[in-house]
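K.L.:
One-letter residues, chain by chain:
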Amino acid sequence: MRLCRFRSNSQVAVGIAVGDRRIVDVSSAAALAGVSLPTAISLQGIVQAGEELLDDLSRVQQWALQNSDASCVLAEDAVELLHPYRPRKNIVKAGGNARTINGVPNPDAVALLRYHTKAPTAVADPGTLLEWESRVTTEVYAEPQLVVAIGRPLFFATPDEAQAAVFGYSVGTDFRAWDLMNKHGQWPKAISLDGFFPWGPYLVTAAEVANPNALAIELSLNGDRLVSGSSADVKLSVGEMLAEYSMGIQIEPGDLFMLGTPEAVGFGCTPYRFCASGDVITSSVEGIGSVETPVRIV
Amino acid sequence: MRICTFSAAGVTHLGLVIGDHVIEVVPAQVARGLTPVVDDLLSVIEMGRDTWDELERLNQSLADGGWPSDASWVRECSEVRFEVPFLPPKNPWTVGSNYLRHLEIAFARIPREVVIPKAPEFFTKALTAVCGDGADIVYDKRATVTVDYENELMIVIGVGGKNIPKEKAMEHIFGFSVANDVSAREIQMHHGQFFRGKSQTGFCPFGPVVATQVDVPDPNVEQLRTWVNGELRQDWPVGDMIFKVDEIVSWLSQGMTIEPGDVIICGTAPGVGFEYLPQKWLQHGDVVECEISGIGRIRNTIKMAGI
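As they're listed, the protein sequences go chains A and B. Numbering follows this note's numbering, in which position 67 of the first sequence is assigned residue number 67; successive positions increment by one, without gaps. To convert, take the position in the second sequence, counting from 1, and add 1000; that gives this note's numbering.
Incorrect hints may have been included.
What the hints assert, rightly or not - Capping the alpha-carbon separation at 25 Å, the derived lysine to aspartate or glutamate pairs in DMTMM-like fashion look like this:
#, chain 1, residue 1, chain 2, residue 2
1, B, Lys1168, A, Asp194
2, A, Lys183, B, Glu1222
3, B, Lys1168, A, Glu131
4, B, Lys1141, A, Asp179
5, A, Lys183, B, Asp1064
Calculated from the structure, these hints are not laboratory results. Since we're looking at a predicted model, the values are computed, not measured.
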């Protein structure tokens, strides 16, 4: 199931994306289909409920497919797709997870992953103009990310348990300020500027992703492909990364992780270049979707 | 005021600490003919200055005029349990390397040349690490055996903002608390980024109260003291920071919106276990007490999982 959050006639609602670029308004469709869902349903609430609501949502989707002329089935172009949700906690990035960079082994001397976090205030909608002041940073670059949303709690988990606890997957762009990474030494401030985490629009349930560890991940700058890798090209797979992280740290439903950047460090490839005003950055993950962000330096 | 969250007989309340007593805010307001608005500290912070001022007035009048001897809403501090004051709306922010003498000693142990940061070394701790005064800090030897304490001043943001100038920074602060930035040193070193080693469950106790600026107008004049099993380990002026409170708030807000309830832990002073030769790691049963004058003292017991 491809879940999303959208705005239509200034109302924000939870949706299910179905074929031929249509969005089912979940609450309206449930009422018509006679499926009982929690009132004030949110995408974050659906994720936090783990698998509990998936059967009901699936019935709503089935009904909508059979009643595609119903008023609760909207054309995707007629709605504004938003980011799925702002998580309760910072988003965790599995830094240093690339196995190779530009075809050569990752030179990072640290054997373990460099986990660091992005503030939830950085969350932004797909397509939104991202602006920052040149006074704050002049060296912004971007990394395409497979985003992993958690549906069940984990603590000292095995990779298999961790994999089974994944609710679904999405795509995000990890905007980062290279000068701030160097200035502050530690990285979270440099990746937490306002708007530095556009993600979505689709949150694809785990059942629909046959193998999350073999998905093409790409980043393009103004239509030119800058990064082309695969979620297979990482030191730790999705399940291994979550299991390793859970050694002493609780993972909770609704938590978001970024798997890390395979193959190339965003704009670290040659020729070296930081974002400039007017650039459009697009991250894509095979089978999940893509998120596009125009940028402007003010 | 020194505001807190406490529990008595299993029920949690918003409280004001006055001397050795803790006042249950809601019935105290009712007794004064006031209309209680909220009963949790994060909501108080989010509601803004009018709500803070109302509670300051209540606090002042109780401190000046006392209370009826039979008031059921007043208890001795020793009778109650101080809970975590509130859960912040995101991961706690932390500043590393903010006391020069701590840096000099710690870097000599690595060993590495001292590098004085040009900007605050911001990192975060997991929200699941947050706990309160009296909570056990449980480490698991499958994850770490080098557990260390770091007594630190905590800033509690009251008014959100972005690009806040240093001169305006204090206006954005609700108050101050005491935090122990508990650290798993081998994880901290092996991962490069500090987050993982600082985020084990229970590794961020703070409390027992949040002291507002009426009580602590200038945290720089306060003294930070830490004891392990009664042995004094840290004893240092809070104000000896490389980046002071106003600078930290200003730096953090550049290009990034900070929100009411956000917390920033300001870095530790000399005297942590890592600095000793041989290094002194915390062990099962150790009791760590972190105190900052004017705010209070938190006391936590170290436990090893499985014992």
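K.L.:
What are the numbers of the hints the structure violates, in ascending order?
P.N.:
The structure breaks hints 2, 4, 5; every other hint is satisfied.
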